[in-house]
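Place chain B on chain A using the hints.
The primary structure of each chain is shown beneath.
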Amino acid sequence: MNSVNSAAAASKVTTSKSRRRAPIDKAGYLFIAPGYLVYFAFIFIPLLVGLYYSFTNYNFYSTPAFVGFDNYVRLFHDKLFGTAVYNTFIYSLFSIFPQMALGLLLAVLLNGKLRGRLFARVSVYIPNVTSMVAVSMIWLWIYDPSLGILNRVLKTFGLAPVQWLYDPSTAMAAIIIMGIWKSIGYTMIVYLSGLQSIPASLYEAAHMDGATKVRQFFAITIPMLKPTTFFILVMSCINSFMVFEQVNILTNGGPLNTTTTIVHQIYLRGFQDFQMGYASAMAMVLFVITLLITLLNFRLGNKGNDTDVD
Amino acid sequence: MTRKWPTLVFSIVMFIIALLMLFPFLLMVVTSLKTMGEIQSPTFTFIPKHWLFDNYSIAMGRGDWLQYFYNSFIVTGVTVAFSLVFNSMAGFAFARLRFPGRDVLFFSVLIGIMVPSQATMIPTFLMMKMFPFFGGNDWQGQGGFGFINSYTGLVLPFIAGSFGIFLCRQYFLNFPRALDEAAQIDGANVYRVFFQIYLPLSKPILATLAIFKTTATWNDYMWPLIMTNTEHMRTVQLGLTIFRSETNVEWNLLMAATTLVVLPLVLLFLAAQKYFVQGIVTTGLK
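From first to last, the protein sequence lines are chains A and B.
Using this note's numbering, the letters of the first sequence correspond one by one to residues 171 to 480.
Using this note's numbering, the letters of the second sequence correspond one by one to residues 6 to 291.
The set of hints was computed from the structure by calculation and includes no laboratory data.
Where is the CB? At the ideal position from N, CA and C, for every residue including glycine.
Residues from chain A shown here face chain B by an in silico Cβ test under 7 Å; the list is partial: (1) F201; (2) G205; (3) Y209; (4) F212; (5) L217; (6) L279; (7) V303; (8) M307; (9) I308; (10) W311; (11) R322; (12) V433; (13) G440; (14) M446; (15) S450.
Next comes chain A alone, as it looks inside the complex (with noise of 0.2 Å):
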C-alpha cells in the first residue's frame, strides 16, 4: 500500500519540477527488454501454448491436430487423474494446517527471551534450505523397512515393523510427515516477523488490564496474526499443490496410487507416455486451481486491516 502511495506522490513530483526530463525515457525499452523478453518468451507464451494445446491431441511425434474438450472430457472420466487430485487435496489439508499451528508455536517460543535462540531457529530452519531430493534420501533411509531407524524403535518397544512407504495405508502419511517437517521453518520465520510487527503497547495494556499470557494470546496475537496467516496458508496451498518431488522419489505414485499427485500425473502422462496434449490440459487444471487460491486471496486479504509481512 506504502510503496504504491508514495509511487503515486512521486510521480506527481516528477510531473510538476523536472521540466529538464524528456518526457519519455526511450532508454526504458532498452532496460526492459531482456527481463522481459525472458518472461514474456518462457511464462507468457508457455501459458498460452499450453492452453492450445491442451485442446489437441499432440504426442510429441506427430502435428497437433484440434480435438475441441476431448481432453478435459477424457480428464472428467480418467479415474487415476481424479485420484491424483483427492491426494493432493489430502496432502495439503494434512500438511499445511499442523505446519502452520506448528510453525506459529515454535515463533511464540521463538520470540521470547530464550537461551540457544539462535541455535534453536536455524534448526528449525535448515530443512527449509535443503533441497527436496536430499531430504527424500534422508527420510527414504528413515523409513527403510529393514533397517530404518523407525522401524528400529518399533522393534525395542516390541511392536511389528510398518511398511511405511510400500503400505498404501500409510505411504501418504509418511510423505505429509516428511513435507511437514521440511516446512515448519518457513511457517516459523514468517510468523516470527508477523508477531515482531505486533505493538508491544498492545500487551502492556493487556497486560495492566490483568489478562493471562494465554488470554492474551487469543484476544492479541492470534487476531494482530490474521494478515500472516492468510499469507502463509495461501503461500502453502500453492506450495503444496506443486507436491510432486518427494512423490517421485520415494513412491513413485505407489503403492497401488496412493501417492500419487496431480503434478506426477502430468509428469507422466507428459514425459513419459508423451501425451502432451492430454498433460496440457491437465498443467491448464492446476493453473485454474492456484490462480482459484490466489484471486480468494486478493479478495479476502485485503478485507482485514492491512498489516502486512515487511
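This is chain B only, laid out in the frame that chain A set:
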C-alpha cells in the same frame, strides 16, 4: 525473579525441539561414516564404531560426481548472475523511467506471479527442444534436440521472472527522487544513474535475490530431470537419484553423497541468514 523459571523451562523445551528437527541430518552424517556391516547389524549404534571417511570418496566414484558438481555450480552461477542484471534493470525501468506502455507491461509481468512453473513446463520444454537453428534444428525447429542437454536449456528460462522484477521494482520505488535529479543536473544519463547510483545502493535487495535464486536453482530437480538425459549433463540433485535406483541401496554412500550435496547451501545459509529470511518474508516463496 519469578520470570526466570519459565525462561529456563522454555529454553530446555526449545533445545529438545531443535535437536529433533536436526535429528534427520545427524542421522545422515553418522550413517555416512559407518560400514555397511554396522548398518546391517541387528544391534543399532548411533555413533559409528569406526569412522569411515573413505565412504565420501567411494560415493563420489559412483557416477561422475566431479561433473555433476561442476554442472550445478555453472548452472547456479550463471542463472544467478544473469537474473541479478536482468531483473534489476527491468525493475529500475518500471520504477523510475517513463515510457508509453510501461504500466501495461508491468501488469503483464504481475500476471506471471500467479503462474506456477509446473503449469507451463510442457510448452517450455517443447520450446527449448524446438528452438530454431540450435542443437541441429532447422528453421522450423525440427530435426535436432534444440537446447536439450545443454547449459542454455537449464539456465535460459530462469534468468528473469516476475518475482525478481517485482522485488527490484518495489525496492527502487523507495529511493528518493532527489537522487536522480541531482545526478541529471550533473549531466549523468539514465545508464549512469542506474549503474553508478542505483546498483551500488541496492546491495541488500541483490543479496536477497541472489540467495533466493541460488537456493531455487541448486535445489531444482524437476527442470533438470526433463531437460537432460545424459550422464554428462546431470546436476547434483539428479546424481543423488542414482543411488536410489540400485536394488540394494548402500545407505552409507547415499548419505555421504547427500551430505555433500546439502553442504554448500547449509554453509551459505549459516553465512547469510539475514538475506534468506528477507527473501522468504518479502517474496513469500519457499
